[in-house]
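Student: Read off the chains here:
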Amino acid sequence: MNTQVVWEILWQSLTGGHYDVEALRAQAQDDSDLVTDLGIDSLDLVEFFLRLEEHTNVKLDADDYASLTSVAAIAKRL
Amino acid sequence: MSLTAVLQVPELEERYRKVKKFFFLRESAYDVTSACQLRCDGCYYFAGERSNVTDDRDPQRWRRFMEGEKQRGINYVNLAGAEPALRPAVLRACHEAIPLGTVFTNGLKRVDPAIRYRIQVSVWGDQTGDPKYRRYANGTEGPYCLPIQLENYAADDRVMFVYTFNSENVDQLDEVIEQVQGAGHKITFNVFSAPEGARSILKLRDTLKATRDKMIDAMERYPRTVVYSYYNAEVHTQEASLRGQFGCPYPRAAAEDRRSFGIGRTFRNYRADLTHEGASCCVPHTDCADCRHYAAGSAIVTSRLDLHTESEARFRGWLDYVDTYLAIWILGYEKSGNLYRTS
Chain F
0 MNTQVVWEIL WQSLTGGHYD VEALRAQAQD DSDLVTDLGI DSLDLVEFFL RLEEHTNVKL
60 DADDYASLTS VAAIAKRL
Chain E
0 MSLTAVLQVP ELEERYRKVK KFFFLRESAY DVTSACQLRC DGCYYFAGER SNVTDDRDPQ
60 RWRRFMEGEK QRGINYVNLA GAEPALRPAV LRACHEAIPL GTVFTNGLKR VDPAIRYRIQ
120 VSVWGDQTGD PKYRRYANGT EGPYCLPIQL ENYAADDRVM FVYTFNSENV DQLDEVIEQV
180 QGAGHKITFN VFSAPEGARS ILKLRDTLKA TRDKMIDAME RYPRTVVYSY YNAEVHTQEA
240 SLRGQFGCPY PRAAAEDRRS FGIGRTFRNY RADLTHEGAS CCVPHTDCAD CRHYAAGSAI
300 VTSRLDLHTE SEARFRGWLD YVDTYLAIWI LGYEKSGNLY RTS
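Quick mapping for you: the protein sequence lines, in order, are chains F and E.
FYI, numbering that gives the first Met the number 0 numbers position 3 of the first sequence as 2, with every residue one higher than the one before it.
FYI, numbering that gives the first Met the number 0 numbers position 223 of the second sequence as 222, with every residue one higher than the one before it.
Everything labelled a hint here was simulated from the structure, so no lab data went into it.
Since the model is a prediction, treat every value here as computed from it, not as a measurement.
One or more of the hints may lead you astray.
[Unchecked claim] As a list, the in silico DSSO-like pairs of lysine-lysine whose alpha-carbon atoms are at most 30 Å apart:
#, chain 1, residue 1, chain 2, residue 2
1, E, K131, E, K108
2, F, K58, E, K208
3, E, K208, E, K334
4, F, K75, E, K19
5, F, K58, E, K131
6, E, K19, F, K58
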């Protein structure tokens, strides 16, 4: 899956939360750790994963979440 | 269904936006002291080895420790014990470092009003039950705590009373709730969850349905006093434990399941000497197969947004559950009306 599409779904998921999305956009890299580098909270990540499932029609098991640590990893998985 | 589909419903989208603002909460738990005036039947603190510590009582060390927790990303503290109100200087030090949190207390000693944490006051029964379940440390029958709690916390907006249902006290709620309502306070519910290896008579056996019915009756008769939802009542009174229904994200279960996400990565439960075990959960030594803890549910149910977008009804229940948990845990957060109703 294209990383640009993954990023757009992520930014959509973070809207309405407490994030400075523009600041995150400026610093984010494909291999940035979503939690430790970008500070994304786990429930926002769950929303993000649910939106990815909708977009790709690929079901992600909750057991998969721990390994989906970066946009690069997600794009590869999907 | 999908998340996008359920969010097409305007009232659900609005409630989701309300609770989503609090997704930033990242918590851990801290035993403030091993001292307590009471020895309550089924108390988690005095089960196992947690109480076998030498307390760190130095408020400056606690302040530095909490600053370290903040660096680790913790922004919400659960201060318990035995009885944290017995260490006011430590509570002040914690509050100066991390101002969001809860103190879990038996309410027999008032927490300094300047400490603007949520104060969750435990209630175990009415005037017949409470002294029976809550003995003094020397083994003699304890006090009926509620009148003392109400006096200590008169007109105190920090307080949330927590009534723990057990196998014997379902109908004792009636007397308690009248007094809590009369004092202008709010109350929520917990369900007794047995410690590992315990054979406590308090463990719910045949009283799950009666407990659920009582919870719902109380919600409907005292809507401005009871902070709860139909979905809370359902999930906390199932035959299956919370872990059995939803899995469990705490480190203790995550280590067994070999997956670590969310609270499984960051949650720690510290003893009163500021050490911690690797595999923690919110109430250590609980038998996972019996866990219906309200505190555990705040993470277990909330974290399973994925399971709750399967239908609009389930998503409504999840929204109510999260709204309820935030009202219990966040001072100043007001619960909205329930979106889900038991059929």
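Student: Could you run down the list of hints and mark each one as holding or not?
Tutor: Verification of the hints:
At roughly 20 Å between alpha-carbon atoms, K131 (chain E) and K108 (chain E) fall within 30 Å of each other, so this suggested pair holds. For the given pair, K58 (chain F) sits about 35 Å from K208 (chain E) by alpha-carbon distance, which is inconsistent with the 30 Å threshold. Of the supplied pair hints, the one linking K208 (chain E) and K334 (chain E) holds, its CA atoms being roughly 25 Å apart against a limit of 30 Å. At roughly 28 Å between alpha-carbon atoms, K75 (chain F) and K19 (chain E) fall within 30 Å of each other, so this suggested pair holds.
A C-alpha spacing of about 52 Å is found between K58 (chain F) and K131 (chain E), which places the hinted pair above 30 Å, so the restraint is violated. For the hint linking K19 (chain E) to K58 (chain F), the alpha-carbon distance of about 23 Å falls within 30 Å, and the restraint holds.
Against the hints set out earlier in the document, violations occur for numbers 2 and 5.
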